[in-house]
Amino acid sequence: MATTAAPSEARRPGAGAPLPVPAVHVPAGSLRGDLRAIKIVWQRELIRFSKDKLRMATSLVQPFLFLFVLGTGLSHLASAGTHGVNLRTFVYPGVLCMAVLFTAMFSAASLVWDREFGFLREMMVAPVRRSSLVLGKCLGGATVASFQGVIVLCLAGLVGVPYAPVLLLEIFALQLVLAFTITAFGVMVAARIKQIQSFMAVTQMVMLPMYFLSGAIFPVSGLPQWLTILNRLDPMTYAVDPMRRLVFDHLNISAAARRALDPGVTWWGWHVPTLLEAGVVAAIGVACLFVAIVEFSGRE
Amino acid sequence: MSEAAAGGGSEALAPPAAASISVHGLTKSYGEVEAVRGIDFDVAPGEIFGFLGPNGAGKSTTISMLCTLVKPTSGSATVAGFDVNDQRDSVRRNIGLVFQDTTLDTYLTAEQNMRLHAELYGVERELVAPRMRQVLEMVGLWERRKSAVATFSGGMKRRLEIARGLMHSPRVLFLDEPTVGLDPQTRSSIWSYIQELKRAEDITIFLTTHYMDEAEYCQRIAIMDKGVIVVLDTPDALKASVGHDRVTLQTDDDDAAIAEIGDRFQITAQRSEGAVILGVASGEHFVPRLFAELTVPIRSVSVSRPSLDDVFMSYTGTTIRDAEASAGEQRRATVAMFRRGR
Chain X
1 MATTAAPSEA RRPGAGAPLP VPAVHVPAGS LRGDLRAIKI VWQRELIRFS KDKLRMATSL
61 VQPFLFLFVL GTGLSHLASA GTHGVNLRTF VYPGVLCMAV LFTAMFSAAS LVWDREFGFL
121 REMMVAPVRR SSLVLGKCLG GATVASFQGV IVLCLAGLVG VPYAPVLLLE IFALQLVLAF
181 TITAFGVMVA ARIKQIQSFM AVTQMVMLPM YFLSGAIFPV SGLPQWLTIL NRLDPMTYAV
241 DPMRRLVFDH LNISAAARRA LDPGVTWWGW HVPTLLEAGV VAAIGVACLF VAIVEFSGRE
Chain C
1 MSEAAAGGGS EALAPPAAAS ISVHGLTKSY GEVEAVRGID FDVAPGEIFG FLGPNGAGKS
61 TTISMLCTLV KPTSGSATVA GFDVNDQRDS VRRNIGLVFQ DTTLDTYLTA EQNMRLHAEL
121 YGVERELVAP RMRQVLEMVG LWERRKSAVA TFSGGMKRRL EIARGLMHSP RVLFLDEPTV
181 GLDPQTRSSI WSYIQELKRA EDITIFLTTH YMDEAEYCQR IAIMDKGVIV VLDTPDALKA
241 SVGHDRVTLQ TDDDDAAIAE IGDRFQITAQ RSEGAVILGV ASGEHFVPRL FAELTVPIRS
301 VSVSRPSLDD VFMSYTGTTI RDAEASAGEQ RRATVAMFRR GR
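Heads up: the sequence lines are chains X and C, in that order.
Per our numbering, the very first residue in the first sequence carries number 1; after that it's consecutive.
Per our numbering, the very first residue in the second sequence carries number 1; after that it's consecutive.
Careful, some of the hints might be misleading.
[Stated by the list, open to error] Just a sample of chain C residues kept apart from chain X, beta carbon distances all over 12 Å, derived:
hint, residue
1, N94
2, Q112
3, P130
4, P297
5, S307
[Said to hold, decoys possible] If we take Cβ atoms under 8 Å as the criterion, some of the chain C residues that face chain X in the derived model are:
hint, residue
6, D89
7, R92
8, F99
9, L104
10, Y107
11, Y121
12, G122
13, V123
14, E124
15, Y211
16, M212
17, V296
If you're looking for bench data, these hints aren't it; they were derived computationally from the structure.
Think of the CB as a built atom: it goes at the ideal place given N, C-alpha and C, for glycine as much as any other residue.
Okay, chain C solo, but in the shape it has when bound (with noise of 0.2 Å):
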């Protein structure tokens, strides 16, 4: 998937002065609940920037609160160069939004629902047929503009949605884990519509994301967990970061393993997803050593170059499906005391 990376470079790209989003110590809290806790970061035009971290960590909140829909509770961002406290009507009219659910009617044509959002925006009226053809195209969904929404897969209304945030020439697009919910396949579509964009339109991308390998495809990546970014570069940066493989060992008792592995090798293992992970710098050598030392029954091995698993690992000390899993009883919280308070 790597090859897929956009830009692929390791430069680290230094966000000029004049930021696409540029955010400084953004706070939310909801009642008791801390979902954002004081972040910083600047993306720069036409970037590629992914969030990157489990339900829970604070990604949707953050980007409700760069499209103006929730106040920060304190901080200061800019989009597209306007405050989204004191301008908000200025940022909404520079940014498309996807959102994780759908915000399409059903009831209307594709057409009929991106008519819809042309007037809203105030698109000049001889442009929107143009602009509409354009962006449907786009995503391929040009052929099917007389269809009802409702009669469309998941995939499709998710390229609908992009195509219809795009309809007034957004400076910045933002997407909410644009491949949620969506098959590998249709994901994949998904992603190659979104690269595609990039290369057709000036505009900077936002996005947040919780599977591992889309994060690859971004320019940079924040990692977000428990409410602050723990780390901030480019994927291939992250990887070089971690700087050592991950093994991963079965064992007849887990418990056992680990502490052994800690007396001998003086290394740090940790259980995750019924198995014992550690980081070493060369598995391939250290694998020997450990079926000759290790006492305990060992029934599986593998080793795997850094990932952005590991780099998720390594900064936040869980795997992300851990994290989600943990994160679940508090995001519940969360969703709940956003409920009422909504």
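Chain X on its own, in the form it takes in the complex (with noise of 0.2 Å):
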């Protein structure tokens, strides 16, 4: 490093000679200089969430909720309809997509506290592309939303899910493109909202109808046809979906257990793979970041 001078001496107003550190150059936008907006913007995100144990804990109380007050009170009830099968972990996959939503979702609410805040016009005036800021605030929220994915990831021992290695990669990349793609919706709506009380209100208002619609707590064949238009059209669902079939896939039940709770999703009666459902959620999240990355650019 550089430092040749001991610049303790100007100190205090008043003292003296200009101190011989070379005059820096801002250089003209480049590929390089985005890429180090992206990933400082990315970075204050993790520095941000690892300071906020609060928000750590606070965003685990509701998957934990599901899966161990819902997922153990109605066991009984739905006993008859479960071929054996734990309700509780007929839930989890549920339960590591909601994990993702609500860290995500509060990842880009942040966004929203920066504008109140004023940190947002700082970013907004430097001299790199809007476009950079954004995705560095997407992916940013997708790593911690995973990160708090992957605390619900461990807890599979609990409700009888193996830990097979294969399995939990499959898992950990599902909740990535999710958490990714709830942090552009969140960020396209946030770019819109500018109180932070009314993105609250917004988000409650989309993200609950997401996670019933989705499957999450009940299979997703056999529903009344109204049920079943609206559980297409959630996105959530195709999340929800793949990810039940991974976990599926590593148990050891019966077909007909199989056949009930996991019957997949189909289009007009046609099986969607696993794939194109994970890339049904990716296109989605890229759209909402395109079209976030047009309303940041488009403003002042």
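Combine the two chains into a complex, taking the hints into account.
This is the structure:
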């Protein structure tokens, strides 16, 4: 490092001569500059998340409620239809998605805080592309949300899901995609909504229906038509369904149970493959990201 | 305070050909409200240039246009040689900004805020550490670099913002009301940092203020009122241009006193802040005549040499505080429109 001087003598104003630090020159816009911007915005998300232990804890409350309270409380009632599979095991894939959902949305919400507390301005006046800032934000949100997902992933043993390395990796990858999409969606909404209260209200209004319609707490076959339609329109469906398939692939259960609990999503009778489902989630994420970039680039 | 005035000289700085900031016919309207109505000025490299005016005069809007945060409605401006409309990124690379409201991430430490800024501005990696140390020492925050900004006082936050604005060695530093909301002691320390900065760096400083005493620190001042520049000169030249002392009276009947002064002395007195104010060539000689001839009982009288307050008064016909009171209504309307449009 080129600290040749002992600049401590200039601590007080009036201490005299300029210090021999070479002149800083801000380079013209470049790919490297944008990558640095993406990286630092991403890092900031991680730093903020790591400092916020309370947030880490509170965003686990809801997944735990669903997994242990709902999963245990309803297990007797549901035992007739689950072919011997524990209800907690059945809702576990949905809870894996839920952990990601709330954290990712919270990350996006911090953008509204940034606006209220002024920090957004510091980023908006920087000589970098807005797309770099938005992308860094989405990647940061995706990373912290996936981390939260990993905490729930660690509970697999408690609900009878084996710790198979391939399974864990596949689940993590899917969580990453979902986390990215939810953050991008949140950032897109945050570009328009200026007040944190409104943002929270809107996201609550969107998140809970998305979660309930997704099939996280019921199998998606044999539903009334209106519910089938809503279910197939819900982006979360395409995260929960492959998640459940991944988990059930590693369970030792009867074929009947598998058919009843993990029927898979169909489009007009056609079985949608896992990769396409993940692709749907990713595509929605990219679309939201694109809209968010356009919105942020458009404003002054 | 005036002995601290930067440069101190009364020689007007003629802007050289390569002005640091050059503004021509700049306007900005928010719907019906004309926040800035056509202003022209140049700022020389290395100058400390001040925009003085009440809240709502258009100072912040002007600064926002020069910083490329707000698009001008019409007119043109260059900053550090780059056009604010067509070369936004080049302008941004060459300016440092300190806003009225804090734009720090209070969750992060001072050092993390500085690093974040350095990364966003692409400061060469090997220069980040030494430059950060240099600017943090300049504002006396080097020892506190590991502390979260949330633990900082208002004055420390402002100093950190100034240091951060300097991190990438901008050629022009914009300070929007750098001392607003700070206690007098902190305000004067902020000013000593700004003066120190002027000595240590080759930089042009453009600032806005509505504190008259602070405008004395500037080499030149533009007084802005209701969206236009009413006068632009050095503080000394402005005060000389007023050319009279200010007599402030407390009377039993202000209206009668104003009328009587008009009749007997042919002087237009004004009412301001519960007192009667008038300008006369020689205050000491006028006061005895006043006592002898005025029939309205006088409760107190004071005479003062021209200050920037008087300059403001003589060019706008009101004191800056009164102007703020009346601009309040209009400003709220502007802000509301700005918010909606944002």
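Hints, one by one, checked against the model:
1. N94: violated, 7 Å
2. Q112: Incorrect as stated: the minimum Cβ-Cβ distance to chain X is 6 Å, not above 12 Å.
3. P130: Incorrect as stated: the minimum Cβ-Cβ distance to chain X is 5 Å, not above 12 Å.
4. P297: Given a closest Cβ separation of 51 Å, the condition holds.
5. S307: holds, 26 Å
6. D89: With a minimum Cβ separation of about 5 Å from chain X (threshold 8 Å), the hint on C/D89 holds.
7. R92: holds, 4 Å
8. F99: With a closest approach of 6 Å, the C/F99 hint holds.
9. L104: holds, 7 Å
10. Y107: Interface hint status for C/Y107: holds (5 Å vs cutoff 8 Å).
11. Y121: At about 5 Å, which falls below the 8 Å cut-off, the nearest Cβ of chain X leaves the hint on C/Y121 intact, so it holds.
12. G122: Since the shortest Cβ distance to chain X is 4 Å, the answer is holds.
13. V123: Status holds, d = 5 Å.
14. E124: Cβ of C/E124 sits 7 Å from chain X, so the hint holds.
15. Y211: C/Y211 check fails; min Cβ-Cβ to chain X is 19 Å, beyond 8 Å.
16. M212: violated, 23 Å
17. V296: Hint on C/V296: violated, closest Cβ of chain X at ~51 Å, above 8 Å.
In this structure, the earlier hints numbered 1, 2, 3, 15, 16 and 17 are contradicted, and the remaining ones agree with it.
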